[in-house]
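There are 2 protein chains.
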Amino acid sequence: MTAFAGAPVVPPVLPSGLDTPTLVIDVDVVEANARRLAGALDARGVRLRPHVKTHKSVRLARLQLGAGAKGITVGNLGEAEVMAAGGIDDIFVAYPVWADGPKAGRLRALHDAVRRFAVGVDSIPGAERLAAAVAGTARPLRVLVEIDPGNGRTGVAPNRAADVALTARSLGLSIDGVFAFAGHAYRRREAIAGAASDEMATLAGAAAALRRAGLEAPVVSAGSTPTALLAAGGEVNEIRAGTYLLGDRQLLALGSVRPDGLAAWVAATVVSTSVPGQVVVDAGAKSLTKDQPDYLEGYGLVAAYPDAVIDRLFDYHGIVRLPHAAGPRLGEVVAILPNHACPVVDQFDSFVAIRKGEVVGTWPVDARGRSG
Amino acid sequence: MTAFAGAPVVPPVLPSGLDTPTLVIDVDVVEANARRLAGALDARGVRLRPHVKTHKSVRLARLQLGAGAKGITVGNLGEAEVMAAGGIDDIFVAYPVWADGPKAGRLRALHDAVRRFAVGVDSIPGAERLAAAVAGTARPLRVLVEIDPGNGRTGVAPNRAADVALTARSLGLSIDGVFAFAGHAYRRREAIAGAASDEMATLAGAAAALRRAGLEAPVVSAGSTPTALLAAGGEVNEIRAGTYLLGDRQLLALGSVRPDGLAAWVAATVVSTSVPGQVVVDAGAKSLTKDQPDYLEGYGLVAAYPDAVIDRLFDYHGIVRLPHAAGPRLGEVVAILPNHACPVVDQFDSFVAIRKGEVVGTWPVDARGRSG
Chain A
3 MTAFAGAPVV PPVLPSGLDT PTLVIDVDVV EANARRLAGA LDARGVRLRP HVKTHKSVRL
63 ARLQLGAGAK GITVGNLGEA EVMAAGGIDD IFVAYPVWAD GPKAGRLRAL HDAVRRFAVG
123 VDSIPGAERL AAAVAGTARP LRVLVEIDPG NGRTGVAPNR AADVALTARS LGLSIDGVFA
183 FAGHAYRRRE AIAGAASDEM ATLAGAAAAL RRAGLEAPVV SAGSTPTALL AAGGEVNEIR
243 AGTYLLGDRQ LLALGSVRPD GLAAWVAATV VSTSVPGQVV VDAGAKSLTK DQPDYLEGYG
303 LVAAYPDAVI DRLFDYHGIV RLPHAAGPRL GEVVAILPNH ACPVVDQFDS FVAIRKGEVV
363 GTWPVDARGR SG
Chain B
3 MTAFAGAPVV PPVLPSGLDT PTLVIDVDVV EANARRLAGA LDARGVRLRP HVKTHKSVRL
63 ARLQLGAGAK GITVGNLGEA EVMAAGGIDD IFVAYPVWAD GPKAGRLRAL HDAVRRFAVG
123 VDSIPGAERL AAAVAGTARP LRVLVEIDPG NGRTGVAPNR AADVALTARS LGLSIDGVFA
183 FAGHAYRRRE AIAGAASDEM ATLAGAAAAL RRAGLEAPVV SAGSTPTALL AAGGEVNEIR
243 AGTYLLGDRQ LLALGSVRPD GLAAWVAATV VSTSVPGQVV VDAGAKSLTK DQPDYLEGYG
303 LVAAYPDAVI DRLFDYHGIV RLPHAAGPRL GEVVAILPNH ACPVVDQFDS FVAIRKGEVV
363 GTWPVDARGR SG
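Taken in order, these protein sequences are the chains called A and B.
Mind the numbering: the first sequence is residues 3 to 374 in my numbering, read in order.
Mind the numbering: the second sequence is residues 3 to 374 in my numbering, read in order.
Errors might be hidden in some of the hints.
Which copy is meant is left open, so a pair is good if it fits within one copy or across any two.
[Stated by the list, open to error] Restricting the straight-line Cα-Cα distance to at most 20 Å, the calculated cross-link-like pairs of lysine to aspartate or glutamate (EDC-like) are: (1) K72 - D91; (2) K292 - D165; (3) K292 - E334; (4) K292 - D313; (5) K292 - D317; (6) K292 - D102; (7) K72 - D21; (8) K72 - E192; (9) K358 - E192; (10) K358 - D21; (11) K72 - D44; (12) K358 - D262.
In short, the hints are calculated from the structure, not lab data.
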């Protein structure tokens, strides 16, 4: 997994005439990434249900389904609505949806419209609202109980899973299984194997608890790109990785994406070289975001100048410190690898799709800004 | 200026039935903020040309103009295009626009369409491209030379201002004056007075250098909300503050906005309380952003629970640590004060505008995502 850790990052050949800052994706790389993970999971008999919050694009979701994914994962009802409108008919909302107020009607409409629709739940009051929202509809709403694998975010402890599931069933909901997200895998490379074990163990424990309570758990779903291949197997029969499709600098540092698997780049132009020791590019906090894990220096990688550090971000200015003299010239367009692809994609209305340095299309980020 | 530093922050009364996460603005507060700064600057004979990158809203820009602002400032051509399409006819792009490729045509179209249009420049090659882009148009393009007041971002040293200005004039550009942005005022409260002095001194030096070179500098423009009132006067005859209109947690900590001047809030719902010692809200990194100056703890302030810390952000989850037992209940809607209003507004397609807890409209963030 770390065999490629020292390999250099080669930026894509950018088409000329880009209007920067622009989000560029290399479609050849996207397709290879889509096939690679789907194939590896298929070989283990594990379903891939990719999380589309990374790209928020109907077209890319379809590309994943075409490459072997079985259904998709979304992070909220807004993404589900966009994907459903795009014709995708198997959607899991991996989130403890609180179906109150306007969300009750939106949930019900999705439940009515989508062939296979499921949502997460991690509390009895949450289950009560879900049940109330879909009361009187033709079929029961599918739910998966969220289990906390040690990430400390959402999800119940494995020994609470049966309580929530039994209550949910008594409210008329259909128990599809259990799911977990081992976000603690992202803390550092050395944490990944443990996080994957945590996912497998807590999900197995929760599934066993459901069975002891007389319930079934047909879906046992783990997530995250770093843990995807490590957690796939045993009781785990579904993987919800997302960022694997585009790659980013964080995954590269974690050893979870290959240097030739980096598909998403921000193209930026050097607009100022007035202050010595640095250049300024036109990608700032509203393009690159201030997402910065503590193991990465700066707010992205200027791949052609790997010693350069994107030190400070203003809204529309990125300050690139040059420890050595070599840096891009005024007016040069550079490709920046984002630290974290997901929030960066959400800054842009569209991708400029390229193959071998040529523009092949402008693809909308359909669910941009859909965060609830 | 710090008389209100200890005053508590009172969250707005939120209307019921909000579909969270949602960006809410209190229009009464916005109007009071708009009048207060415009009035204070008017009393000193200094023009206010607000930076609209904070709100990206034609309606709010018009509100500022109605309250006494003279023209607006934008951060890029995209914002200028949106504001021009909204009928605003006096626009300064406070950015060293690199007018190459698609931007050359866009710049030319704006120059043709907007009654009073000006852009920043901080290099001779930049001036050459500006001149080439508007070659053959009916009137010269107005430019302001950017001066670095010690922020170390963009802008030339004061003693270089005349070189750039003389070259720009020889290229057929019209020299409108000089401008500076003292971003170093945001580093800490104690830095503000010095940053304001830096702005005034460097701008005065640059204006004097232009005069010695036989040029005029009718506009001497300083910026930033923290330094606005401190820098207004002497040679400085224009202020480009932006965030003053909405306020945010950073400005509050700097003593640059009053607790009753906080107009922009993210409404979020508690969706999970499964992990002890914390609650989880549905505002994550794609709503609150990871903007966090080192003098603020957490990614925003849950005003009704001031001891709570928004400790970790995932895309759609905000983890709110509760050092004491008291915290919001499952399903409760809370108002979160963002650390930095500008990038947060840019996550949302619209504002929910309220007055006294009642919704009075949904106002588009017209220039959302326009970053270049």
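Could you work out which of the previously given hints the structure breaks and list their numbers from low to high? As far as the earlier hints go, 2, 3, 6, 7, 8, 9 are violated by this structure, in ascending order.
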